[in-house]
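> One letter stands for each residue in the lines below.
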Amino acid sequence: MALTETPMQAERAQTIFEKSKPGRRAGALPPAEVPEKPLAELIPEKLLRTEPPRLPEIAEPEIVRHYNRLSRRNFDLDSGFYPLGSCTMKHNPRLNERVAALPGNARLHPAQDPRRAQGALELMWLLQASLSEICGLPHVSLQPSAGSHGELAGLLLTRAYHADRGEERTKVLAPDTSHGTNPASVTMAGYEVVKVATNERGGVEMDDLRAKIDENPDAVACLMLTNPNTLGVFDENIAEIASLIHAACGTLYYDGANLNAVMGRSRPGDMGFDIVHVNLHKSFSQPHGGGGPGAGPIAVSDRIEPYLPRPQVVRREGSNGHGPSFVLDHERPKSIGRLRGFQGNFGVFVRSVAYILSLGGDGLSEASDTAVLNANYLKVRLAEGRAGERLPIAFDRHCMHEFVLSGKPMKRELGLATLDLAKRLLDFGFHPPTVYFPLLVDEALMVEPTETETKESLDAFAEAVERILAEAEEDPDLAKNAPYTTPVRRLDEVRATRNPVVRQQL
Amino acid sequence: MTRYTSATQDDRQEMLDAIGVGSVDDLFAQIPEPLRLGRPLALPNGLGEAEVHGRLAALAERNADAEAEVCFVGAGMYDHYVPAIVDAITQRSEFLTPYTPYQPEISQGGLQAMFEFQTAMSELTGLPVSNAGLYEGPSSVASAGYLAMGATKRNRFVISRGVHPHSRETLATYSVGYGAEVVEVGLEGGVTDAAALAEAVDGETAAVFLQSPNFLGAVEDVEALGAAAKEHGALLVVACDPMTLGILKPPGECGADIALGEGQPLGNRLDFGGPSFGFFCATEEQIRRMPGRIAGETEDVDGRRGFVLALQTREQHIRREKATNNICTAQALNALGAMVHLAWLGRQGFRELGELLVRRTAYARERLGAVDGVRLLHEAPVAREFAVRLDAPVGKVLDRVAERGIAAGYPLGREYPEYEDGVLVAITERRTKAQIDELAEVLGAAVAAERVEFVAQSETNSTVGEGAG
Numbered sequence: 001m002a003l004t005e006t007p008m009q010a011e012r013a014q015t016i017f018e019k020s021k022p023g024r025r026a027g028a029l030p031p032a033e034v035p036e037k038p039l040a041e042l043i044p045e046k047l048l049r050t051e052p053p054r055l056p057e058i059a060e061p062e063i064v065r066h067y068n069r070l071s072r073r074n075f076d077l078d079s080g081f082y083p084l085g086s087c088t089m090k091h092n093p094r095l096n097e098r099v100a101a102l103p104g105n106a107r108l109h110p111a112q113d114p115r116r117a118q119g120a121l122e123l124m125w126l127l128q129a130s131l132s133e134i135c136g137l138p139h140v141s142l143q144p145s146a147g148s149h150g151e152l153a154g155l156l157l158t159r160a161y162h163a164d165r166g167e168e169r170t171k172v173l174a175p176d177t178s179h180g181t182n183p184a185s186v187t188m189a190g191y192e193v194v195k196v197a198t199n200e201r202g203g204v205e206m207d208d209l210r211a212k213i214d215e216n217p218d219a220v221a222c223l224m225l226t227n228p229n230t231l232g233v234f235d236e237n238i239a240e241i242a243s244l245i246h247a248a249c250g251t252l253y254y255d256g257a258n259l260n261a262v263m264g265r266s267r268p269g270d271m272g273f274d275i276v277h278v279n280l281h282k283s284f285s286q287p288h289g290g291g292g293p294g295a296g297p298i299a300v301s302d303r304i305e306p307y308l309p310r311p312q313v314v315r316r317e318g319s320n321g322h323g324p325s326f327v328l329d330h331e332r333p334k335s336i337g338r339l340r341g342f343q344g345n346f347g348v349f350v351r352s353v354a355y356i357l358s359l360g361g362d363g364l365s366e367a368s369d370t371a372v373l374n375a376n377y378l379k380v381r382l383a384e385g386r387a388g389e390r391l392p393i394a395f396d397r398h399c400m401h402e403f404v405l406s407g408k409p410m411k412r413e414l415g416l417a418t419l420d421l422a423k424r425l426l427d428f429g430f431h432p433p434t435v436y437f438p439l440l441v442d443e444a445l446m447v448e449p450t451e452t453e454t455k456e457s458l459d460a461f462a463e464a465v466e467r468i469l470a471e472a473e474e475d476p477d478l479a480k481n482a483p484y485t486t487p488v489r490r491l492d493e494v495r496a497t498r499n500p501v502v503r504q505q506l
Numbered sequence: 001m002t003r004y005t006s007a008t009q010d011d012r013q014e015m016l017d018a019i020g021v022g023s024v025d026d027l028f029a030q031i032p033e034p035l036r037l038g039r040p041l042a043l044p045n046g047l048g049e050a051e052v053h054g055r056l057a058a059l060a061e062r063n064a065d066a067e068a069e070v071c072f073v074g075a076g077m078y079d080h081y082v083p084a085i086v087d088a089i090t091q092r093s094e095f096l097t098p099y100t101p102y103q104p105e106i107s108q109g110g111l112q113a114m115f116e117f118q119t120a121m122s123e124l125t126g127l128p129v130s131n132a133g134l135y136e137g138p139s140s141v142a143s144a145g146y147l148a149m150g151a152t153k154r155n156r157f158v159i160s161r162g163v164h165p166h167s168r169e170t171l172a173t174y175s176v177g178y179g180a181e182v183v184e185v186g187l188e189g190g191v192t193d194a195a196a197l198a199e200a201v202d203g204e205t206a207a208v209f210l211q212s213p214n215f216l217g218a219v220e221d222v223e224a225l226g227a228a229a230k231e232h233g234a235l236l237v238v239a240c241d242p243m244t245l246g247i248l249k250p251p252g253e254c255g256a257d258i259a260l261g262e263g264q265p266l267g268n269r270l271d272f273g274g275p276s277f278g279f280f281c282a283t284e285e286q287i288r289r290m291p292g293r294i295a296g297e298t299e300d301v302d303g304r305r306g307f308v309l310a311l312q313t314r315e316q317h318i319r320r321e322k323a324t325n326n327i328c329t330a331q332a333l334n335a336l337g338a339m340v341h342l343a344w345l346g347r348q349g350f351r352e353l354g355e356l357l358v359r360r361t362a363y364a365r366e367r368l369g370a371v372d373g374v375r376l377l378h379e380a381p382v383a384r385e386f387a388v389r390l391d392a393p394v395g396k397v398l399d400r401v402a403e404r405g406i407a408a409g410y411p412l413g414r415e416y417p418e419y420e421d422g423v424l425v426a427i428t429e430r431r432t433k434a435q436i437d438e439l440a441e442v443l444g445a446a447v448a449a450e451r452v453e454f455v456a457q458s459e460t461n462s463t464v465g466e467g468a469g
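From first to last, the protein sequence lines are chains A and B. Under the working numbering, the first residue of the first sequence is numbered 1, with each subsequent residue one higher. Under the working numbering, the first residue of the second sequence is numbered 1, with each subsequent residue one higher.
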């Protein structure tokens, strides 16, 4: 491939600090209107800063240009197919942005007296009730800020639950296919992770689970599970798994990252889970923002409820002809306490409620149905031709909302690593699937198309994979040196870890 | 077909045929029958876009927001003006809709914005290393605790009562998990009791937590207080309000090992508490223990400058149970908003804003302190928030003031029972002199009215009491 620089490549990255020139500025402040005393008269000099921070000096037009230019160096969901497994890159409705920005939401102070924030509390209550129905569990706390924060909450709830029963348990079981956040949360919560093996159908290896429990049932605090799991398959043994864990008096935790597969079809609570986190930025359409914000509410069973974080939004029935009112309940004596400031990521709640109201119960089920249909269709398309040979499915059965391919034959036969395929996909205008996860699968590619993609997009993606494999048979270097068309080409990530440069020297 | 899916009946049929099943139900056959819901979700039917907007607008109408009333409430989140370009830039699809930048070649915009943000936060705090943001303020404090335990192999925290109550409570919540003891040190004259702090810190202490300005608005002498931490080899963690860092001595120059805080005042709306972001800066020594994403500069194969997620070996998706933190989704978009706001303010504007806050706050404090029935809670220097005590029941006074369209401040009673009569009053550049004057007048009238009521009630009560005796 001829290496002519694209115009964007020719334009070298320049930071906003490098565009700064003394004396330029954008924002103007209002006049003080009050006596302009020297600062040192108001605050002792030793507590004052001598030099202002070296922020950029730049006028508004150039700030706008700078960030517009930067934005063009991003690929995003609105530009194309983004089948990033486990991330549920579904369409982000703009209606949700509009309602979140209404002044009654956007400019509402979090410490506003609840009597004057009834709309916000009712919205939170509505979301709690909706998530409770979707998860099949009676109580919901909206406080956790993201999935991993929900996991930590769930583990702290587990600890509080056992402590209340006079027990201190030490181990948390998790399958070897679990998301990395699971074991990381376990350690943060002061527990030890015990890995459970995966069986030939992609589910929990029951004998291994039994063995790990039997080793010391009194030490088992919790089992964390994703169902459907990260291989995209539903664990048919879930009822038995639940009864084993419950027999050992442990809690069963549901990582809701994959909830988009089963909304309206099956509910974690009915599967026997005690605690569920829901990623509002996955199943409920909150935009991912290039790495947040999200929110990770948790739904729990009755036995876990006393320990929920405080404050909790509670609905009080009205009397004397008055409608119901909503309060923030801080008096929760067994609560694990706060996990963050104020009430949670309310702006995310607004978007999620807008999404739930837009789709309704039927629409949510249809979203999951279509997500599963799209995933199975794409899986079948990728089982054809070269992809079928070089990228076999890791567990050959119907999948749920995502599936995992193995690039092992591709690597062996064409010398192409999964990473090379991913990088070549960039040249075809696609975001690659999640790569090298789950760890259990060699050269893994985890594909999650979501319900908002058209059949045409799925076909085009399958065709691109086919073309890449075809061209690799002729010239594997083409993929190995990819990408060619992106704003920058393959980057040296090792250097960024060995000799990290994490800020600009000014 | 909902409006966010495209699959037509024909599409569905073609896809089912290709898969080789008769219906979507067949794909769900892997879920054991007893675990299938078997009924529709008990949620209302979907609504059209205009109807959803109408319903949510009606709910939003029932909130008294900072546009509907004059907001002097702070307590960690502030009603600053968010420049229009922040909305324009953060609402661009290219920033709004991507995932975390795992594929750096097509994520240079987001990664470079993170790098710029890190540079700005490093400048503000005077510490060389910044991450790309955490969830928000209080949980960042708890993350600092986890870092300190790893760095010192100790498990005892000493925290000032001047640190935000939500931060103290969050630290306590997390500490139950990772097994740390939290010792609180009280306040004296509005600031951390230096003698008590020095006494509380010992050789087992992993970290000392301070906040400046503290929750009561007082600027702490971080350098002097931090000496106790240095002496015993504990990390000094300083929570700060970014809007004051244009004028206050940065934590990095006061001996802080970690400077962190709630980022909302920078480019983020109030949003009833979130989403915002937490910032987290540290010394070079802590770089491999940092929580959260960090962007780093590097080069591509042709030598072009580029940016990637650096030091990923700290993170959960690589290190799993050995990760330095469990965080995955953070607050990239909120951090971008902060960076745009900081660029908009610029070097001069940022300092001027700090000066404006200090001067207007000084004026407001003097003005309110002179009101009959209102006293200053402390005399320590303040930057943008201060505390007063009222000679009448706080809740009732605040209600009266609210009737005049003013949210006068944050009542301290729940979190500081010792200041049950206390109110925290916050100033932003949006709070004009006229509004401050009006607050003084309305507050004075409210206190006077409630004092009369209070006296009348006590007299009634004592009469009743005497009668009963």
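Simulated from the structure, these hints should not be mistaken for lab results. Wrong hints could be hidden among the right ones.
As the list claims (entries may be wrong) - Restricting the straight-line Cα-Cα distance to at most 16 Å, the calculated cross-link-like pairs of lysine to aspartate or glutamate (EDC-like) are:
no. : chain 1 : residue 1 : chain 2 : residue 2
1   : A       : 19        : A       : 60
2   : A       : 195       : B       : 221
3   : B       : 433       : A       : 176
4   : B       : 433       : A       : 60
5   : A       : 46        : B       : 221
6   : B       : 396       : A       : 60
7   : B       : 322       : A       : 176
8   : B       : 322       : A       : 192
As the list claims (entries may be wrong) - Derived coverage of chain A by chain B (criterion: at least 3 residues anywhere in the stretch with Cβ under 8 Å from a Cβ of chain B; other residues may be distant):
no. : segment
9   : 253–267
10  : 297–304
Glycine residues also receive a C-beta, built at the ideal position from the N, C-alpha and C atoms.
> For every hint, state whether the structure bears it out.
Consistency of the hints with the structure:
no.: 1; hint: 19(A) x 60(A); in the structure: holds (12 Å)
no.: 2; hint: 195(A) x 221(B); in the structure: violated (48 Å)
no.: 3; hint: 433(B) x 176(A); in the structure: violated (62 Å)
no.: 4; hint: 433(B) x 60(A); in the structure: violated (28 Å)
no.: 5; hint: 46(A) x 221(B); in the structure: holds (9 Å)
no.: 6; hint: 396(B) x 60(A); in the structure: violated (45 Å)
no.: 7; hint: 322(B) x 176(A); in the structure: holds (15 Å)
no.: 8; hint: 322(B) x 192(A); in the structure: holds (11 Å)
no.: 9; hint: 253–267; in the structure: holds (count 6)
no.: 10; hint: 297–304; in the structure: violated (count 0)
Hint check: violations occur at hints 2, 3, 4, 6, 10; the rest are consistent with the structure.
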